[in-house]
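**Student:** Listed below, chain by chain, are the residues.
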Amino acid sequence: MSIELRDRFFDLSTRDVPTEEAARYRAEVDATDAEPAATVDGLDISWHPSARFKAVRFIDAERIDERVRDLFARPSADVPYLAAVFVDPHELSFRTFENIVPLDRLFEDVPLEAEPAGRVEHAEGVFSFSLRWPAQAQARLAQLDELNLYVPPLNAASRGGERFIFHSALLAEALTAVVADALPPATVEGFSHVNPVFRCNRFEPGDANFHRHRDTPYFDAARRHISRYTVLLYLTGGTGSPALDLVGGAALSEIGDFTCVIFDQRYEHEGAPYRDGRKVFLRTELIFTADEVTEAPEIGELFSKACYLTGESVFAPELARHADAYYNQVAAAHWDGMGEGPTRETFVHKEFRGVHFVANGYDFWFAKTDTLSLAECAALTLLDYFNCKLGDTAFRALCRTEAIEADNARWIPEFLRARRSGSAMTRVDKSAFFPEPERPNGQICCPFHSSRGYDPTRHDEIIGLYSEAQSFAQAHILPAPILMLGEDVALDPDQFVVQDNLIHVLGKDALTPVNFAACWNDESIPEDYVIVAAKVGVAQFLVPPIIYTESAGCYHLKFDFFRNSWMVDHRRATVPIPRITEEQWADPDESSAWRRSVDDSLIDDEHPLPPSDLWDDDDDDWDDEDD
Amino acid sequence: MQVTAVEDALRAHPDDLASWRAYSDWLLEQGDARGTLIRLEQRLARTRPADRAAVEREIADLVAEHEDGWGDGLPATARVLARRYGFAAEVAVQWSDDVREVVEQVLRGRFVTTLRIAPNAATDEDDDWDEDDDEWEDGPGAEAGSGRLDMQFLDGLDVGRLVELDLSYLDLGPDGAEILAASLRTDRLRALELRYCRIGDAGLAALAASPYLGGLRRLHLQRNRVTAEGVRSLHRFPELTELDLRYNDIGEAGAEALLAAPFVGSLARLWLYDSDVGQDGVRKLARAANLPSELRSLWRCM
Numbered sequence: 001m002s003i004e005l006r007d008r009f010f011d012l013s014t015r016d017v018p019t020e021e022a023a024r025y026r027a028e029v030d031a032t033d034a035e036p037a038a039t040v041d042g043l044d045i046s047w048h049p050s051a052r053f054k055a056v057r058f059i060d061a062e063r064i065d066e067r068v069r070d071l072f073a074r075p076s077a078d079v080p081y082l083a084a085v086f087v088d089p090h091e092l093s094f095r096t097f098e099n100i101v102p103l104d105r106l107f108e109d110v111p112l113e114a115e116p117a118g119r120v121e122h123a124e125g126v127f128s129f130s131l132r133w134p135a136q137a138q139a140r141l142a143q144l145d146e147l148n149l150y151v152p153p154l155n156a157a158s159r160g161g162e163r164f165i166f167h168s169a170l171l172a173e174a175l176t177a178v179v180a181d182a183l184p185p186a187t188v189e190g191f192s193h194v195n196p197v198f199r200c201n202r203f204e205p206g207d208a209n210f211h212r213h214r215d216t217p218y219f220d221a222a223r224r225h226i227s228r229y230t231v232l233l234y235l236t237g238g239t240g241s242p243a244l245d246l247v248g249g250a251a252l253s254e255i256g257d258f259t260c261v262i263f264d265q266r267y268e269h270e271g272a273p274y275r276d277g278r279k280v281f282l283r284t285e286l287i288f289t290a291d292e293v294t295e296a297p298e299i300g301e302l303f304s305k306a307c308y309l310t311g312e313s314v315f316a317p318e319l320a321r322h323a324d325a326y327y328n329q330v331a332a333a334h335w336d337g338m339g340e341g342p343t344r345e346t347f348v349h350k351e352f353r354g355v356h357f358v359a360n361g362y363d364f365w366f367a368k369t370d371t372l373s374l375a376e377c378a379a380l381t382l383l384d385y386f387n388c389k390l391g392d393t394a395f396r397a398l399c400r401t402e403a404i405e406a407d408n409a410r411w412i413p414e415f416l417r418a419r420r421s422g423s424a425m426t427r428v429d430k431s432a433f434f435p436e437p438e439r440p441n442g443q444i445c446c447p448f449h450s451s452r453g454y455d456p457t458r459h460d461e462i463i464g465l466y467s468e469a470q471s472f473a474q475a476h477i478l479p480a481p482i483l484m485l486g487e488d489v490a491l492d493p494d495q496f497v498v499q500d501n502l503i504h505v506l507g508k509d510a511l512t513p514v515n516f517a518a519c520w521n522d523e524s525i526p527e528d529y530v531i532v533a534a535k536v537g538v539a540q541f542l543v544p545p546i547i548y549t550e551s552a553g554c555y556h557l558k559f560d561f562f563r564n565s566w567m568v569d570h571r572r573a574t575v576p577i578p579r580i581t582e583e584q585w586a587d588p589d590e591s592s593a594w595r596r597s598v599d600d601s602l603i604d605d606e607h608p609l610p611p612s613d614l615w616d617d618d619d620d621d622w623d624d625e626d627d
Numbered sequence: 001m002q003v004t005a006v007e008d009a010l011r012a013h014p015d016d017l018a019s020w021r022a023y024s025d026w027l028l029e030q031g032d033a034r035g036t037l038i039r040l041e042q043r044l045a046r047t048r049p050a051d052r053a054a055v056e057r058e059i060a061d062l063v064a065e066h067e068d069g070w071g072d073g074l075p076a077t078a079r080v081l082a083r084r085y086g087f088a089a090e091v092a093v094q095w096s097d098d099v100r101e102v103v104e105q106v107l108r109g110r111f112v113t114t115l116r117i118a119p120n121a122a123t124d125e126d127d128d129w130d131e132d133d134d135e136w137e138d139g140p141g142a143e144a145g146s147g148r149l150d151m152q153f154l155d156g157l158d159v160g161r162l163v164e165l166d167l168s169y170l171d172l173g174p175d176g177a178e179i180l181a182a183s184l185r186t187d188r189l190r191a192l193e194l195r196y197c198r199i200g201d202a203g204l205a206a207l208a209a210s211p212y213l214g215g216l217r218r219l220h221l222q223r224n225r226v227t228a229e230g231v232r233s234l235h236r237f238p239e240l241t242e243l244d245l246r247y248n249d250i251g252e253a254g255a256e257a258l259l260a261a262p263f264v265g266s267l268a269r270l271w272l273y274d275s276d277v278g279q280d281g282v283r284k285l286a287r288a289a290n291l292p293s294e295l296r297s298l299w300r301c302m
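Protein chains in written order, with my numbering: chain A, 1 to 627; chain B, 1 to 302.
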């Protein structure tokens, strides 16, 4: 059934389907429940669509657990290493809104040296030229459209056509060489490279235009990189009226295939479908290195709001329009300073387990009450901003949400006071996970030598392993500001340090695991006796301090994450809590050893763990003929 | 100054700084350096971090000079685990043939409020606990098994000063627990460590029936073959705030009995594993409205 659902998805998405058939299919998907088959980058994935897993993504199949890998479709014969996975759109966070498909392998072993010809400067900062590619490269580029990787964009309402995003360093490198050659030296001064992230767009005749907009410049203060020009590489030619309109610059009505158009990102522009055939083009940017890359704080604020509303639009589609308006304002602000934005601002009122707050992606307001601490407000802000998962459900899916448009933020204190909040979080004494081991009994040997029954709970060797496992788990759990216990959220107020008007969110700190050494003569091994007591979700945040103020009975928190390009990061891990089994003999064939539950990604230099001696099925290469 | 009355008050309220200061005066009159130690330690607590090193040095010098004289008549085989103002407060002794004499001496210590009696190598040797051990079938009144310890030594000892008693890993059996219950004629006891003592439901019932032990706050009962029936006996300890029942197969019925206990809403610590209560028991604990939320949450990630 699920395989059939999976295959029909790809069948239906490659042909025109009668409305009733599509509706029937959607109803079947809505009626299908599915458990996640695997997890990649913290996202649960399924091999078929279902009521929960509705958004398709293309990822390198090697990243999927090999035990279930073959269940995932490889819908594109030309790029068989790409697997289609279905994800829950509610779980997308600002880092995973877009699916950037790795396509470098498509261009491996293909000569990519292109020659520019017939450069025309249409207006100041607007160039076009034809690119002559080797035949094989041309064929690969043309192939991009046939890969069936198009997914509906998140801002589908404000733009026509289809598109997918891919990454190819090889293609970017080839274009970098061409551009450096083709543009006037004054234009390429400070030019670093072509952005290896490409958007492949397709418009059919009759599709809606891609409405007038400015491209949002790429900006990375840490590397001092900024984009200044947009690159459009047309893979098909055709005519439009005009096919590309650069407001106040140039209008291109006829475009030949493999034409490259490069224009200053100051230009507002609008694209239209060809009248006479399919329009396929790639979009990317020219990245420049600047001596000083600074960004007005207002721009970071707007960008933060835009990203937040994009995420919220999964729950309230009408918000996509507001996000789009912010993106355009951000783009314009790069060139002309902060101009007039939308006259009314969009806020989101949320309720999470009785706690009400109002947010716009940059500001978060909470009513100040006796039961709601500032640390909890900061924690809720982090959970919302990063859309962390609580148990199997994304935070935003657990909130009741309504969008509110208003002229300003002055209404918020009274609004929140009318909805006074309690606390939505529990406290947990982290030491409760780590009871001290029993006092070892030196007389206890291994199960083989314990004729009257073996007690692992007092065996020094097992206690040594247990202590080591505890030490490892503690190193992950003790510094975590937030723990997820099933769907409960536990707050560690000590990890939120309030100083002046800043809330510092503390993070990981390594503890040193203990080491031990020791008779063991049994089929089972000591590691089989340390098993899992519980599994605790741990959220770690690498974030700059959160600014807060108190006024009108409200806490007002500000997330200034995009300013100065802070390297914000959020990680969620599941940490198994060890315990010693009471079983006298732990059957290695049914082992539920703690060590097997430890995700390899938890082990690093700061959290070392010696290699396991547990039987590894992969090493089961017993050869009958082996002497 | 009524010294015995002050000492009695300090045993009951060991954090009463004013009484310790008064006691320090008396000690100094007797030429006991611990009078100075009390002053110094109290001063240290009031000293800002930057100036503490000097006071700490003074304390270390004083202790080094006088500690050998602070035995207070404790037997040589006793090990002091913790001191308060130089006085032995927590003491450990090993099980031995003359355990009664040794313990009697320890209990005379002025401020000994915690006693640990630990198994010696010989008593701990036979610790392999066979699930089919026939001893469990013997029931109360049966003769003690080969490794079982005779707890009669406690009979008649004055344990009135004890606040904590740790008999972990001693093979008491149900009978030993019964003798223990009859011997602990003190309502001061707040913590009882009986892990791996094999007391079973019968031993626990005997302790619960004691009219003196209702004030226990901490009870550690790991691996005692306690079942749901034993958990029901725990209802006689209404003041419990810390309970360790790991490695006892109490099952779902045990979880239910626990949730019906009068102390459940006041528990700060509850140690139990999923295998002790079974999956249905885990679900009950995870949903229990009367369990404090910080404990209930722990059951939601099992």
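None of these hints come from the bench; they were simulated from the model. We put the CB at the ideal spot given by N, CA and C, even for glycine. Keep in mind that the hints are not guaranteed to be accurate.
Some, not all, of what chain B presents toward chain A, calculated at C-beta under 10 Å [as the list claims (entries may be wrong)]: (1) 70; (2) 153; (3) 223; (4) 236; (5) 247; (6) 271.
So the derived label-pair ranges between C-beta atoms look like this [unchecked claim]: (7) A/606 to B/293: 29 to 37 Å; (8) A/487 to B/120: 48 to 56 Å; (9) B/67 to A/542: 30 to 38 Å; (10) A/612 to B/68: 46 to 54 Å; (11) A/553 to B/47: 50 to 58 Å; (12) B/15 to A/427: 40 to 48 Å; (13) B/274 to A/453: 21 to 29 Å; (14) A/74 to B/293: 42 to 50 Å; (15) A/506 to B/47: 27 to 35 Å.
**Student:** Now tell me, hint by hint, if it's right for this structure.
**Tutor:** Outcome of the hint check:
Residue-level restraint check for residue 70 of chain B is violated (minimum Cβ-Cβ distance to chain A is 27 Å; threshold 10 Å). Residue-level restraint check for residue 153 of chain B is violated (minimum Cβ-Cβ distance to chain A is 22 Å; threshold 10 Å). Using the Cβ-Cβ criterion of 10 Å, the hint placing residue 223 of chain B at the interface with chain A is satisfied: the shortest such distance is roughly 7 Å. Contact between residue 236 of chain B and chain A, as hinted, is not supported at the beta carbon level, the nearest pair being about 25 Å apart and thus beyond 10 Å.
Using the Cβ-Cβ criterion of 10 Å, the hint placing residue 247 of chain B at the interface with chain A is satisfied: the shortest such distance is roughly 5 Å. Taken as an interface hint, residue 271 of chain B checks out: its beta carbon lies about 5 Å from the nearest beta carbon of chain A, inside 10 Å. As the Cβ distance of residue 606 of chain A to residue 293 of chain B is approximately 32 Å, the hint placing it in 29 to 37 Å holds. Evaluation of the 48 to 56 Å hint for residue 487 of chain A and residue 120 of chain B yields a pass: the beta carbon distance comes to about 49 Å.
For the pair residue 67 of chain B and residue 542 of chain A, the supplied restraint of 30 to 38 Å is violated, since their beta-carbon distance comes to about 49 Å. The hinted window of 46 to 54 Å between residue 612 of chain A and residue 68 of chain B holds, with their beta carbons roughly 50 Å apart. Evaluation of the 50 to 58 Å hint for residue 553 of chain A and residue 47 of chain B yields a failure: the beta carbon distance comes to about 41 Å. For the hinted restraint 40 to 48 Å between residue 15 of chain B and residue 427 of chain A, the CB-CB distance of approximately 25 Å leaves it violated.
Separation of residue 274 of chain B from residue 453 of chain A is about 22 Å and conforms to the stated range, judged on CB atoms against 21 to 29 Å. Distance hint check: the CB atoms of residue 74 of chain A and residue 293 of chain B are about 47 Å apart, consistent with the given range 42 to 50 Å. Distance hint check: the CB atoms of residue 506 of chain A and residue 47 of chain B are about 29 Å apart, consistent with the given range 27 to 35 Å.
The structure fails hints 1, 2, 4, 9, 11 and 12 (numbered hints given earlier, in ascending order).
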